[in-house]
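*Asks:* Spelled out, the chains give:
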Amino acid sequence: MKKVTVQDQGVVEKAKCHAAAIGVAMKESVYPLTATVQYPRQRKKMPDNFRGYILFDPDKCINCWECAFVCPANAIRMKEAPNKKYYPTIDYGKCIFCHFCIDSCTDGALRTTKIHDVAYKDMDEMVTLTEEMIEPPEIVREDTKLVEYLIDDKDLQMKKTREVDNLFVDEVPPSVEIPVVSQCIDGASCIGCHVCEYVCGSGAISSSIANGVMNMAIDTDMCTGCGLCVKECTMQILKLVRK
Amino acid sequence: MQEVINELLETMMSNQVSVPVIQPVIDMAAQIPMMGLGISFILWTPIFALLICPGLSTLGIFLLFFPWIERKLCARIQWRVGPREIVPWLGGLIQLLADTLRFLFQEVIVHKDAHRPYFLQFAFLSFAAALLPLLFINAGDVIAIASPYGIQLLLALVCLFPLFILGLGWASNSRFAFIGSVREAFMYFAYEIPFIIAVLAMVILFGTSNPILIPDKWGIILNPIAAFTFFVGAAMATSRMPFEIPEADQEVAAGPHVEYSGIAFGLIYVMCYEKAYILSTLMVVLFLGGGSGPDIPGLTVHLGDLMGIVWFLLKVIIVMTTMFVLRTIYPRYRLDQGLTIGWGAMIAISLVALAWSIVFVFMQQGGVL
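Sequence order for the protein chains is A and B. Sequential numbering of the first sequence, starting at 21, is according to the working numbering. Sequential numbering of the second sequence, starting at 423, is according to the working numbering.
By construction, these hints were calculated from the structure, which means they are not laboratory data. One or more hints might be untrue.
Stated by the list, open to error - Straight-line alpha carbon distances no greater than 30 Å define the calculated BS3-like cross-link-like pairs of lysine-lysine that follow:
| id | chain 1 | residue 1 | chain 2 | residue 2 |
| --- | --- | --- | --- | --- |
| 1 | A | K64 | B | K494 |
| 2 | A | K65 | A | K141 |
| 3 | A | K23 | A | K36 |
| 4 | A | K64 | A | K179 |
| 5 | B | K534 | A | K34 |
| 6 | A | K64 | A | K134 |
| 7 | A | K64 | A | K141 |
| 8 | A | K65 | B | K534 |
| 9 | A | K80 | A | K34 |
| 10 | A | K36 | B | K534 |
| 11 | A | K180 | B | K494 |
| 12 | A | K23 | A | K47 |
| 13 | A | K141 | A | K99 |
| 14 | A | K65 | A | K179 |
| 15 | A | K114 | A | K134 |
| 16 | A | K179 | B | K494 |
| 17 | A | K34 | A | K47 |
| 18 | A | K114 | A | K141 |
| 19 | A | K80 | A | K36 |
| 20 | A | K47 | B | K534 |
| 21 | B | K494 | A | K165 |
| 22 | A | K65 | A | K165 |
| 23 | A | K105 | A | K80 |
| 24 | A | K141 | A | K165 |
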């Protein structure tokens, strides 16, 4: 058995550490850095793509049912409306706020808000019907300050501004495209079926035979990161990685 | 009958707390028959010491506000906000008043297995035990009982505390309370010996154990080792954070007082603050020059005996605050580490302090110093 030993410090070193700890305590008691958001009176600034309460716009819905299909928690059920269309209802008792439904919504009928503080009286009330999803829920705003956490070179700083945050997101910022390329993670398992070479539209994959051994090569400059080869590879040894 | 009253009045008048600023008011009130008797009774030095300072009133005010100061200060150091919801514009100053009200209206639950008489008695008796040591401490020139064995008596009464805590644990009849009591007993033996030796060192150094006769010298300069030992011992005795071993919240719930609720819990909750207050007063008397302070022209003349009390309380506040800040700096020791510190390093340091004092006294007598 191995015994973990503490690094032995001299008395002077220890005294220095104690003095430093006491110094920090004294400094913080005079000029404290507070990290607490006093919630009902202050609100933390949330990003525009915050995963909060979901709003629904029936005019934009095309009845594709994608949201209900993709929901991993089975929180979304489609209910028939009087106009014979099917609209989603969300059970917030089940919802895990992954927002796959909003990502999968083709015409932007579902959209996110920054509301995260809705209270229900019982479990039945948590099943939110379509007509309740059109209008945002009634919430009491007590906040007068907006809190932002800023990380400067050394410490976490709290910036408080006297304004009221808009909880509704009008336009979700487009997601940033991360350039990816295809890469072979296990060359020894390649069976040389050439599927990747055939399927590649940009001609980034080439093959060569040397000494009776098949060698596949991917040109990272030409690869567009479409992922077709990854999908088609019979041995599943191709992978999309960050450029 | 008249003679007895006159004799009593004479005794009281000969030993009054003198405060020149309010003397006209006292003289005016003395014209009213019963009022004068009452006021001179309260200003009679022993009664003043017992009821006002350093006794009941001061202790009560400290108990009301020191938990708030501790919470607020620790919160600031730990980047939190601390109590704030009750009277926000005062920063939640009367938080403990609200807590007390809540404790008062809460039911005191005595569970089935508890030893009912002791379970209730010890909670309330422990509060009385906290007041007794204050009889022998002096704030400036104000003291209730000036005894040549004052400091020894005070130490003996301070040592009553752990007995009550052990009693609480035993009467609770719960496994957490048992473990907490045993830990308390272990810690008690670990800190008591170096603590007493540190006080003994100062008694030898000053040559007297009558607190009122202790010269206004700063013992922390004369014997810093004894001061350090005393401070660490006091932190252990009050089970403050680095030595919060008996009440370790995460391991044994709340130690000896896990079963208590309502006002009984409230009394036990403030017990460690009482102990901190008493040990801080002792620290001020032994190491920080008691009620002595620089002469402020104009103020000292007007305040009279009150000036010593003001200096004394200021020093007590500083010592108590230092004691409370410890919990933000250090994590808790394990029981075995606490015992190692108590029986090992602390005893060694306290013996060094004792030797220091003896050498100091010899050098003083030899005329070297």
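*Asks:* If you test the structure against every hint from before, which numbers come out violated?
*Replies:* The structure conflicts with hints 5, 8, 9, 10, 12, 19, 20, although it agrees with all the remaining ones.
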